[in-house]
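Chains as they are written, first to last, in my numbering: chain A, 625 to 966; chain B, 625 to 966; chain C, 625 to 966; chain D, 625 to 966.
If you're looking for bench data, these hints aren't it; they were derived computationally from the structure. Among the hints, a few may not be true.
It does not matter which identical chain is meant; a pair holds if it fits inside one copy or across any two.
[To be verified] Restricting the straight-line Cα-Cα distance to at most 27 angstroms, the calculated cross-link-like pairs of lysine-lysine (DSS-like) are:
(1) K888 - K748
(2) K703 - K878
(3) K703 - K812
(4) K748 - K878
(5) K878 - K812
(6) K899 - K812
(7) K852 - K812
(8) K899 - K763
(9) K899 - K662
(10) K703 - K888
(11) K714 - K763
Number of protein chains: 4
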Amino acid sequence: MSYKVAIIGASGYTGAELIRLIATHPEIEIAALGANSKAGQTIAQVFPHLRHLNLPPLVTMDQIDFDQIDLCFCALPHKTSQEVISQLPKTLKIVDLSADFRLRDPEAYEQWYGNPHAAVEMQKEAVYGLTEFYRDDIKNARLVAGTGCNAATGQYVLRPLIAAGVIDLDNIILDLKCAVSGAGRSLKENLLHAELSEGYHAYSAGGTHRHLGEFDQEFSAIAGRPVKIQFTPHLVPANRGILATSYVHGDAAKIHETLAAAYKDEPFIEVLPFKELPSTRHIRGSNFCHIGVVADRIEGRAIVVAALDNLTKGSSGQALQNANLMLGIEETTGLMLAPCFP
Amino acid sequence: MSYKVAIIGASGYTGAELIRLIATHPEIEIAALGANSKAGQTIAQVFPHLRHLNLPPLVTMDQIDFDQIDLCFCALPHKTSQEVISQLPKTLKIVDLSADFRLRDPEAYEQWYGNPHAAVEMQKEAVYGLTEFYRDDIKNARLVAGTGCNAATGQYVLRPLIAAGVIDLDNIILDLKCAVSGAGRSLKENLLHAELSEGYHAYSAGGTHRHLGEFDQEFSAIAGRPVKIQFTPHLVPANRGILATSYVHGDAAKIHETLAAAYKDEPFIEVLPFKELPSTRHIRGSNFCHIGVVADRIEGRAIVVAALDNLTKGSSGQALQNANLMLGIEETTGLMLAPCFP
Amino acid sequence: MSYKVAIIGASGYTGAELIRLIATHPEIEIAALGANSKAGQTIAQVFPHLRHLNLPPLVTMDQIDFDQIDLCFCALPHKTSQEVISQLPKTLKIVDLSADFRLRDPEAYEQWYGNPHAAVEMQKEAVYGLTEFYRDDIKNARLVAGTGCNAATGQYVLRPLIAAGVIDLDNIILDLKCAVSGAGRSLKENLLHAELSEGYHAYSAGGTHRHLGEFDQEFSAIAGRPVKIQFTPHLVPANRGILATSYVHGDAAKIHETLAAAYKDEPFIEVLPFKELPSTRHIRGSNFCHIGVVADRIEGRAIVVAALDNLTKGSSGQALQNANLMLGIEETTGLMLAPCFP
Amino acid sequence: MSYKVAIIGASGYTGAELIRLIATHPEIEIAALGANSKAGQTIAQVFPHLRHLNLPPLVTMDQIDFDQIDLCFCALPHKTSQEVISQLPKTLKIVDLSADFRLRDPEAYEQWYGNPHAAVEMQKEAVYGLTEFYRDDIKNARLVAGTGCNAATGQYVLRPLIAAGVIDLDNIILDLKCAVSGAGRSLKENLLHAELSEGYHAYSAGGTHRHLGEFDQEFSAIAGRPVKIQFTPHLVPANRGILATSYVHGDAAKIHETLAAAYKDEPFIEVLPFKELPSTRHIRGSNFCHIGVVADRIEGRAIVVAALDNLTKGSSGQALQNANLMLGIEETTGLMLAPCFP
């Protein structure tokens, strides 16, 4: 049995990554590709690396017959996404990759994104898409909100530790090193090769990055009290990858045990042996997340480092994993591609 | 039905690439991994990006029971390869990725590689592994010699043109731009990141690169007369990819037609529309080869450009494609992974 | 004695490179920085790497008092440049870095650039800025037209060989590998880090690149007959550098001798020992050009490779070298910075 | 007046960087280049980017006549350095770039470096080379110990804050992102381009990096009590640069004021306007250090980020700055080169 999916926003990087993954998925077929700004073009024109695939041409959203579609991936910018999704059939299964349905609280949404939410009722319906922690809800969901790629990485480190009470909730620092594809295919001077390669810097420092909205929502819910972490992302000259270095107060061995236990049956989350640390090069192009734990020389402090691919596990791979669950397909289908190294 | 394979030389890049590809191959199982220098280690220690795979530990070659093996990939350095392969059971199917069995003429081998061949009789038995042109022979072969990665790229451009007589045989220039993984996992100063990134240069210029032995052998055989091309490789700061820019004398439109006709049924060779040119970024991590043709402003001259991934179509992907044929598996199995972009 | 210069178009890469070089020049002072689109900003806002310099803020062109200026560098886009320069005082010394005054023939200009020239009389006045070959004219010039960066590289290889009659004029191929800063600080999708890094491709193939206008003009003048070369540039993932691989028919030893003799007194052109080849990493950030010669295995054919930094010797370094000559300053002043490696 | 210097260990990256800087220094002349393993070679063979310089050939250490030398730079590996330096004339001015004389306490040295110190008495004589804080001692020193590149970066952030008492001494985290040239020209698998580019990771995590010895020594001395910081370096795919992200408890505005006041007369340390953050791309190839301060959303916490070039301000630039002081030359001579961007 084969399911038909549409991808809206197919001309961006997360759209391309969805197509790359679905290309070898045995039970899902891409029936429609929406991209308003590039409608009329073939996939070979927009993404020459996908030219070997037999895919429909890009169309505008209103040219898609959603009655023929079992599930729709929305890979649009935030704000646009909520407007578009509120126009889609109310029975259509949707995996949204944007930020629009990640926050359940309309006020929190407005605080972090600067505009009132245009589809408040759907905000409530949406299930948060961090598969390992919302698996059962996702199976039954109609609308799943993919997590932010930074937010996913940080949560893989911290959720089990907060839940188990093995770290101090008031001393959590997350220092992230992010590859450039996380910024999307946008024409900005600082994303040019000549500007970005050979240099790196911190951005959105001091607690201003929007993914903090997700951290606050999720960590506070787990802890049963407000939890505020410190979070500084850095842009590094690589295309794919997020490396999260987390500084926490707690016993390193217990932290390692807690993480190992939490993820021992998870197909995509690998907790490395105690004292080993991950590298983004070892998860590139794959749906895997590697986590390592080291004790600091200062007693009672530990460093936890996680690595994942922002486009795969941090976005499109996660989206496909959730789509598998929503469609009743085995969860790992199409997602077992090994990382591409070197 | 599942076939059991061994990979000897599993700790190099072509070994890792074979494992990456076979990881999602439905009909081939890796039963043994040989790597003398790293015997005793797990794959996670040698290639952390493959740690999620359930693979046997690395062993020395004499620990492998070849009676249990349907086919053996040899990813060893040249010269070592001929010594090792001549010790293997004479009935074992072998795909050799080294240079040792590419040249049929022992003198040519000695000329290009500097030492007499240690297994001359097997040189004769070996079938040249450029799948699209030796497919039927490969199906029935016991020993297949994988082509050089540069040699494959150049031949995809030039074989059909020489065969069809549409270019001048005495004016063929091949200017190659090669990524660094083609040099293997070898500890050389000029392969360090600090040396190589941000710079590029020509090497083995003037007709001294060993892959010329393959060009001479193959092109002369096709033409029925000696053909000598000019060939200059360049090392560029990227990990995967070969871009071959070929300058030929001939009618560009006819050249394009000839190539399009030659490859129209090939699953992995894509001839782009006339006047479009390929990029290595659009085949990275895949088994595809893209070819483009442009007419020069000087009448009667054309530029043909081909791009492929040296580790995949130029080496391990080609090897797996040939193994599929030798084992009676559908040729494209396990090889339809889309390129990894960005 | 100190000369005052203005830089118009100071917010682009060639503008920044001029400032970098002049920053340690003992006899030139930057008195005005023009950049219409960023007027009112400080240099620290536009180029934070220059923040330590005590420079005037960016202004619009009409805010500059050219009476106080001894020489003006124009680092504007072509077409804009001719319009702006024709408005400047007729006695002002000008070094133009754009393409606008490189071609002496108005028809050739229109053919390559697609619009009629707006300052035809100044086209005739302009001296072509390839210092080593127009030194005496440049000393006395009022308006010097900087060469194209690709055009400079190709000419360093070919001018002495054409002049000496040691190569076949009908079989000249120039295969260029260009770093990305040559494309300027322009917001194009294919210049994004995520698109460009890890891949490379040919562009403007087949004789359509505008720098061919310069090659045609100069080489035909030297030869005293029309000379048309083949020229294909490639974009590689590095920030600075041009590597020109030239395939010529001629005796390699004689070619090497000819080049060595031509450049033996030149401070910035280094001809390597016969059979050694240059790398862009060894000239990065400097005004040097390295040239190497190798004989091909086919008798009577040679490969000549040149490397220079497109922003320095290919553009802003050349401009400063010419300005030194025009102002009566020792030619190498401010230009002896060693390359930045690694 | 011109001073004669020798560089021992001239074939490594810090040796090359010293030569690059001294190449345009008006008062220092390189009289001898020592490099035991490459003795007999010219600089053009070891570092082709320096081929334009008129330099003596590389020799073994015992071929150098130190009577003719005013100052000697030692750019040797640690441990070798102490052995070599203890053999040099006792009156020779020396700037050591290794780790051997950074720690004053022999036990601390043995703890961090694993071997007893072979020249304990010289350990006491040596002056710590962080110019801005030991300027007067350096002027009168015979032996100056260059700081670690990471150690320098961290101290530029933290010394004024500890001295002023504006941060909590028990909650200091330093997360460093280091470019690869810091690892030297060493043949290690993980420094290969194919391994390193496109990926990044933490190393020496948990308080095991040797530069902690310097932090402990210096910060404890300033505070008058033991201070232990947390410090995790990360390797990123770039050639030059260190970005130090420091998480501290204290008032951000006061921290900014403190730093701005501390460095207001320093020629190479630039404190950015409050809330602006530095990037390594803006100091590459230069002796400048940029520092920025941002308040966290959690009251009483701040992020301080510093960027410098590990080869220049972190090593060879610092060494030359100290040599200037020791020789009575104006401190900034030869060091005002602007950063090389893009």
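Taking the hints in turn, this is what the structure says about them:
1. K888 - K748: Neither, since 31 angstroms and 52 angstroms both go past 27 angstroms.
2. K703 - K878: neither (42 angstroms within a copy, 38 angstroms between copies)
3. K703 - K812: both (20 angstroms within a copy, 25 angstroms between copies)
4. K748 - K878: Intra 36 angstroms, inter 43 angstroms, cutoff 27 angstroms: neither.
5. K878 - K812: Intra 44 angstroms, inter 34 angstroms, cutoff 27 angstroms: neither.
6. K899 - K812: between (39 angstroms within a copy, 21 angstroms between copies)
7. K852 - K812: Close neither inside one copy (31 angstroms) nor across copies (39 angstroms); limit 27 angstroms.
8. K899 - K763: neither (35 angstroms within a copy, 44 angstroms between copies)
9. K899 - K662: Between. Shortest inter-copy distance 22 angstroms satisfies the 27 angstroms Cα cut-off; intra-copy 48 angstroms does not.
10. K703 - K888: neither (37 angstroms within a copy, 44 angstroms between copies)
11. K714 - K763: Answer is within; shortest intra-copy Cα gap is 17 angstroms, inter-copy 54 angstroms.
When held up to the earlier numbered hints, the structure conflicts with 1, 2, 4, 5, 7, 8 and 10 and fits the remainder.
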